[in-house]
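Participant: We have chain A; now place chain B onto it with these hints.
There are 2 protein chains.
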Amino acid sequence: MLVTRIEFLRLARQGVLAIGLFAVFASPTITRAQSDPLPSWNDTAPKAAIVAFVEKVTRAGSSDFVPEPERMAVFDNDGTLWVEHPMYTQLAFALDRVKTLAPQHPEWKDVQPFKAVLEGDMKTVAASGEKGLLQLLMVTHAGMTVDDFQKVVTDWLSSARDPRFNRPYTELAYQPMVELLAYLRANGFKTFIVSGGGVEFMRPWTEKVYGVPPEQVIGSSIKTEFRMQDDTPTLYRLPEVNFIDDKAGKPVGINQQIGRRPIAAFGNSDGDLEMLQWTTMAGAPARLGVLVHHTDEEREYAYDRNTEFGRLDKALDAASITGWTVIDMKADWKKIFKD
Amino acid sequence: MLVTRIEFLRLARQGVLAIGLFAVFASPTITRAQSDPLPSWNDTAPKAAIVAFVEKVTRAGSSDFVPEPERMAVFDNDGTLWVEHPMYTQLAFALDRVKTLAPQHPEWKDVQPFKAVLEGDMKTVAASGEKGLLQLLMVTHAGMTVDDFQKVVTDWLSSARDPRFNRPYTELAYQPMVELLAYLRANGFKTFIVSGGGVEFMRPWTEKVYGVPPEQVIGSSIKTEFRMQDDTPTLYRLPEVNFIDDKAGKPVGINQQIGRRPIAAFGNSDGDLEMLQWTTMAGAPARLGVLVHHTDEEREYAYDRNTEFGRLDKALDAASITGWTVIDMKADWKKIFKD
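Sequence order for the protein chains is A and B.
Under my numbering, the first residue of the first sequence carries the number 1, and numbering increases by one thereafter.
Under my numbering, the first residue of the second sequence carries the number 1, and numbering increases by one thereafter.
Source of the hints: derived by calculation from the structure; they are not laboratory data.
Quick partial rundown of chain A residues pointing at chain B, CB under 8 Å, derived from the structure: (1) Pro69; (2) Val199; (3) Pro213; (4) Pro233; (5) Gln257; (6) Ile258; (7) Trp278.
Straight line, CA to CA, 20 Å or less: simulated SDA-like cross-link-like pairs of lysine to any residue: (8) Lys247(A) / Thr232(B); (9) Lys208(B) / Glu70(A); (10) Lys247(B) / Val146(A); (11) Lys208(B) / Arg260(A); (12) Lys314(A) / Asp231(B); (13) Lys223(A) / Val241(B); (14) Lys208(A) / Val66(B); (15) Lys247(A) / Thr234(B); (16) Lys223(B) / Arg260(A); (17) Lys151(B) / Arg260(A); (18) Lys314(B) / Met228(A); (19) Lys151(B) / Glu70(A).
All residues carry an ideal CB built from backbone N, CA and C; glycine is no exception.
Chain A extracted, bound-state conformation (with noise of 0.2 Å):
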């Protein structure tokens, strides 16, 4: 069949072509096909699974397949997409935020749990719990408009390092995950993340680092106030919880901004358990729910349910009773991070 350009534009225009075109330009399955969308992986169990779900729901005419605007794909951030050990990235940066704020802090020098936090005292810190923790929290995060916020959290990323790796904190992001992310876009997904780590703190790299935009990232927050100042409107970040995105939390804040039902679910956490079963258990029936399971202490770290941060107990027994896809990092990534 011969097509002059001409006729080509003149078809198109008609719209005869646009939809067969698109298929063809806009499909990944024919670009994908010769090359790996998931090299990050072993061709394990887990893989296949992943692989086997999205062919099943973009094949139109399955009994499973979901129309593109409903392939709504959810992600944990800590321990799912980047490192949570040993210690939250977030609680990192308020530590040394606190730090940064001292000199005009002078009376942190004598309360907790301030004062634990400048002698470097992790003890102490972790032992002032929810309140303490609450505290640090507020002082770093709030106090400041979104705008100013965003840009404390932007330059410290670009300076700060994770110790163990030195590395820095956003090139510890789980390279296979990286992959998937775009392999499930590439296949009509909206990919999601759903932490419970504050909202801010992840919007201004996540599209960077993972191809997820701010309008596609949920999380904790709190409260903010719009004031004009100097005819300038802001927002301004004030010392009050809005909403905590973890654990039962996570179907609440996935029905508040999404508002539809995910199809798929990646977690690594017990904090993770009711995302996950908000996704799989509804009756539908091709739903996927995936745990990451951290068993690799030479590359990364290994626990479950015996860890402070991201323990994964309950969601480890439910996910043999579910049928979820549990990724044992050390079998199934051949590489953990991007080289």
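Facilitator: Showing chain B alone in chain A's frame:
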């Protein structure tokens, strides 16, 4: 230039043609050049201002160019995208719902504001004020799962009719605004609804009526709670206000859900003032603020400074100072509704 289909595919696989073809088939400028994307608009100043803005921010190399991921446009709903007089559709829903539920609540016959609703005594309903209204909203909007509420809304909309126009409420979307939403999306904008109305009241139908998917609807909400019921995860709607997405709440809601400052905002009342300020007064060069002014008593309604619903007073004053575009419905719209 002659191109065989096979060579076409070969070139496409190499990616040589992909970009060019995408430009041809995905770009609205080619297909739209022949036909007016805003046929229900008269060729008056507002249409010109909107088109000029869109061309400015989408023209690569222009000093006002905005990359596609940042092209966020936010729209109020009641009075901006569909009719809000003589009462918000959501209130009409609540009143009908009270009548439907009344047999299960014999006590309502003697208790205000329910008694007044059942007797059709709208004066007393109005006199019950915010407290009465909240009571009506809670008994009609809470106490069920989000899935059940969605069904209730969908069922009601399929049978309810606006008394004046004798059409389903969803047919009272403003045709010029529906065209505008599509025009913006064709130019790479993401269109969001930012309404004082209930987010779960809108989501079941905004995609069909406006082309706005659930995850791009921001609105007021009540609290929900995750519950496992007989091994089935549900979200239960509690009779407690979560967030009021109106006035100074709109920028807060936008930041909470989108996490970017929009570049275009459309409203019709003082409830949209802060949203328009937040969008247009950030110091960036090309931002668009638009107000729909209800001036057409014959085809729709005429109201501004002296009305209870959708009062346009302060925002109208601000428009002339700030340079927002004001749509005169009578003069600027060829038609109001779809035929």
